[in-house]
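Based on these hints, arrange chain V on the given structure of chain Z.
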Amino acid sequence: MPRWNVLATIGHVFLLFLQATGKLSRFTATSLRHCVTPPFFPRAIFTQMLRIGYFSLPVVGLTAIFTGAVLALQIYVGGSRFNAEGFVGQVVVIAMVRELGPVLAALMVAGRVSSAIAAEIGTMRVTEQIDALTTLATNPFKYLIAPRLIAATLTMPLLVLIADIIGVMGGYIAATRRLGLNAGVYMESTVNVLELDDVTSGLTKAAVFGFIIALMGCYHGYHSRGGAQGVGAATTNAVVTASVLILLFNYVLTDFFFS
Amino acid sequence: MTSGSAMIAISGLTKSFGSHAVLKGVDLEISRGESLVIIGGSGTGKSVTLKCILGLLRPDGGQILIRGQDVTRLSGAKREAVMADVGMLFQGAALFDSLPVWENVAFGLIQSKSMPRKQAKARAYEVLAQVGLEEDIAQMNPAELSGGMQKRVGLARAIATTPDIIFFDEPTTGLDPIMAGMINELIVERVRELGATTLTITHDMKSARQIADKIAMIYQGKIIWCGAAGEIDSSDNPYIEQFIHGEIAGPIQLDA
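Top to bottom, those sequences are chains Z and V.
Heads up: the first sequence is residues 6 to 264, going by the numbering used here.
Heads up: the second sequence is residues 3 to 258, going by the numbering used here.
Careful, some of the hints might be misleading.
Quick partial rundown of chain V residues pointing at chain Z, CB under 8 Å, derived from the structure [said to hold, decoys possible]:
#, residue
1, L56
2, G57
3, L58
4, E82
5, M85
6, A86
7, V88
8, M90
9, F92
10, G94
11, A96
12, F98
13, F109
14, G110
15, Q113
16, S114
Hints are computed from structural coordinates only; laboratory data are not their basis.
A virtual CB, placed ideally from N, CA and C, is assigned to each residue, including glycine.
Chain Z with its partners taken away, still in its complex shape:
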């Protein structure tokens, strides 16, 4: 078949896409089944919660505080064009809690955690440690994958909740120190405008993003082939696919909560 046959190329790419989707779906289904059936590994889940959640706090906190602060300044600039400077507090908290908190925290954690999971599981794969688990009558999905998925899905909402608070604080600092807005009025408007729905929708997003982050790390690590180069590729693919899926599902979930 000639190489310039456009239809054949499109068809080939489409088939590859379907193949990858099918493989990922099966992997996800198997992982989920092992997440909800015993035995569980509480010790492993706890270790992963520490690694994924606790050790991500500095990077997520820094991201949140600067984002909140920048948001306050930019909204002030934009708002002043139609005399809406007074809405800085309201817009910062809604943007932070509904959107930027979950998405930016998830992207930062994807860079930190998806890559780490992919590298660890990938190295275990190429050094036959995953095969060794099987020969020791231990299912790798149960022992390696389920604890990471559970831990990430549980810790991301907590992490995002903290990011929300720090982000709002960042906005508050910029608004009061740099813009000279009244501290009491700013806090009051922030608290008054916030609804429970804003928080829960943001935290639901966070849980889904956490699942995606761990799933992509596990999936690419588990299927890595061919030594150091394979593990390197798995690490890159994990971060890229996790980030893209986070943005994609961010739209899907926002649309869902919107209606």
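Below, chain V alone, put in the same frame as chain Z:
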């Protein structure tokens, strides 16, 4: 010998990767307490045979009976039940680098035999001593150990659950001759003590002679010779002759 008394019986095992047929009908029988060594060059199907038996690869056709039970179609808990009495020493030892040495050895005891950690730890120390390792390495990480020590820890992990079947994948590859001899001796001693049935794959003839009761040679995906270890030098099989003497000229093609 009938397949009823065999610990492991393999018949007509086939496996292909894409259009490349690696196993073209492997037949093997290992009786209880016997040590079988499969020899053969690189890429002849040794590792694939072993991975099929362990369930790490799903064969395309044929039967693998372990203690009379066909394991090729087993999965999940039933598969794990079979594996609970099987030990395996990997070529690169494949120790879990996130766990200290003792926990590697105790892994099977804690996870699949549900032994309390304290008791499993004591047992791990005992097994480590059996493979000639000092107590102070038990708290170290596998990455801090030399290759020979890692192999011994791997051996300790494989025998800790007192399995009745043990597999060895190239147990001496990458070791100096003295360490290789020591590993071979440990394998023979520990296996005899357990009365376990073993299957070893190797291309190290010295190791094969030391470990084996029976030797089988695999070439192009089939067992081409199988006999008692003592008969290998008088086999009159041109393939065997070429392999054990490491000659370049002969029936074995090196392109594989």
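So, going through the hints one by one against the coordinates:
1. L56: Check passed: Cβ of L56 of chain V comes within 6 Å of chain Z, closer than 8 Å.
2. G57: Holds, about 7 Å.
3. L58: holds (5 Å)
4. E82: At 4 Å from the nearest chain Z Cβ, E82 of chain V passes the 8 Å test, so the hint holds.
5. M85: holds (4 Å)
6. A86: Since chain Z brings a Cβ to about 4 Å from A86 of chain V, closer than 8 Å, the hint holds.
7. V88: At about 7 Å, which falls below the 8 Å cut-off, the nearest Cβ of chain Z leaves the hint on V88 of chain V intact, so it holds.
8. M90: Where the cut-off is 8 Å and the nearest Cβ of chain Z is about 4 Å from M90 of chain V, the hint holds.
9. F92: holds (5 Å)
10. G94: holds (6 Å)
11. A96: Since the shortest Cβ distance to chain Z is 4 Å, the answer is holds.
12. F98: F98 of chain V check passes; min Cβ-Cβ to chain Z is 6 Å, inside 8 Å.
13. F109: This hint holds: F109 of chain V lies near chain Z, its Cβ roughly 5 Å from the closest one there, short of 8 Å.
14. G110: Nearest chain Z Cβ about 4 Å off; hint holds.
15. Q113: holds (5 Å)
16. S114: holds (4 Å)
The structure fails none of the hints (numbered hints given earlier).
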